[in-house]
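Hey, can you work out the whole structure from these sequences and the hints?
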Amino acid sequence: VIERYVHYDGAGDQYVGRVVVGLPLGSGDFAVLPPHFQAGSEIVVAAAGKLNFPRLWAHQSLHGVLTKFLASLAFHMDFLVNTLPAKHPLLASVLFGDMQLATDLQSIVKLTSDTMQPTGIPPRVALHVQLNRNMEAIRSLPQEVSEGIEKLLEDKGVTDGNITQSLLEELLKKAVNDVVMTTQTHSQATTPVESNALPVHPVHFWRGRWHLLPEDFELPSVDVATGWHLWWCGSQGRGIPALLKVQPRDLTRKQAKILCEWRFAVDELQSCHRAATGSDI
Numbered sequence: 001v002i003e004r005y006v007h008y009d010g011a012g013d014q015y016v017g018r019v020v021v022g023l024p025l026g027s028g029d030f031a032v033l034p035p036h037f038q039a040g041s042e043i044v045v046a047a048a049g050k051l052n053f054p055r056l057w058a059h060q061s062l063h064g065v066l067t068k069f070l071a072s073l074a075f076h077m078d079f080l081v082n083t084l085p086a087k088h089p090l091l092a093s094v095l096f097g098d099m100q101l102a103t104d105l106q107s108i109v110k111l112t113s114d115t116m117q118p119t120g121i122p123p124r125v126a127l128h129v130q131l132n133r134n135m136e137a138i139r140s141l142p143q144e145v146s147e148g149i150e151k152l153l154e155d156k157g158v159t160d161g162n163i164t165q166s167l168l169e170e171l172l173k174k175a176v177n178d179v180v181m182t183t184q185t186h187s188q189a190t191t192p193v194e195s196n197a198l199p200v201h202p203v204h205f206w207r208g209r210w211h212l213l214p215e216d217f218e219l220p221s222v223d224v225a226t227g228w229h230l231w232w233c234g235s236q237g238r239g240i241p242a243l244l245k246v247q248p249r250d251l252t253r254k255q256a257k258i259l260c261e262w263r264f265a266v267d268e269l270q271s272c273h274r275a276a277t278g279s280d281i
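Residues 1 to 281 (my numbering) make up the sequence shown, in order.
Since the hints were derived computationally from the structure, they do not count as laboratory data. None of these values were measured; they are calculated from a predicted model.
Derived pair list, reagent style DSS-like, types lysine-lysine, alpha-carbon separation capped at 25 Å:
#1 K245 - K257
#2 K110 - K68
#3 K254 - K87
#4 K50 - K110
Listed next, with one range per pair, are the computed distances between beta-carbon atoms:
#5 Q143 - N177: 23 to 33 Å
#6 Q143 - R55: 49 to 59 Å
#7 L269 - E218: 17 to 27 Å
#8 V81 - P142: 30 to 40 Å
#9 A126 - V21: 14 to 24 Å
#10 V203 - Q143: 46 to 56 Å
#11 D280 - L23: 46 to 56 Å
By construction, the Cβ of each residue, glycine as well, lies at the ideal position given by its N, Cα and C atoms.
As structure tokens, this is what we get:
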């Protein structure tokens, strides 16, 4: 009896999955697609995946789920930063520390797709989607009508030989552009100066002296790969300099002891690398 009445059904499970994640039942947003990377960004995503998941990315079969996970993290990054505790291990990961990487990934994440279709969608949701589209079209209609009438009046005024506002603005812009082009032609070309300045980290004053880190700083509890990255590169997004440059005097006594443990672990990793390759890092 159980096998007859209780069995797997794709549509039902997909619908339940959307309900469980909290999508609104009475809105067209119930049919939203998950965050995903746009087509043509495979090289950037692969580099980011290898950097954020160094061990898991070595398994080809996990690339699909890791890519979706990375897209969700990039899309919800602002929410996670504002919601999670400041000392949460996730905020100490590579993605949340490298602001340039985070910006690059956020620029290629989207919720719409020409090939991916939402599943588990009941018929009434399609009605909500169509109603939302109709509402957007109705709201934009007055603006379109106004712009059409303005364009018609402008075209009619120019035909009759009248000086309209848009025609005057166009003539002034053309005159200014001609002057700018003439000035640039006679000016000498300048070579841009490249800045080789190193990243600047603020210093903090507490207990009568200057320190690289604030008094309430605590070393995050992270995995080996993330700890290795923090040791050599730090976390720009979290304001953490490379831990290699941090001295025990920059921390409280408790954190200084933990830093010594970090240093011991890094030395051991370097020894293993030296024994395996015969060269230093």
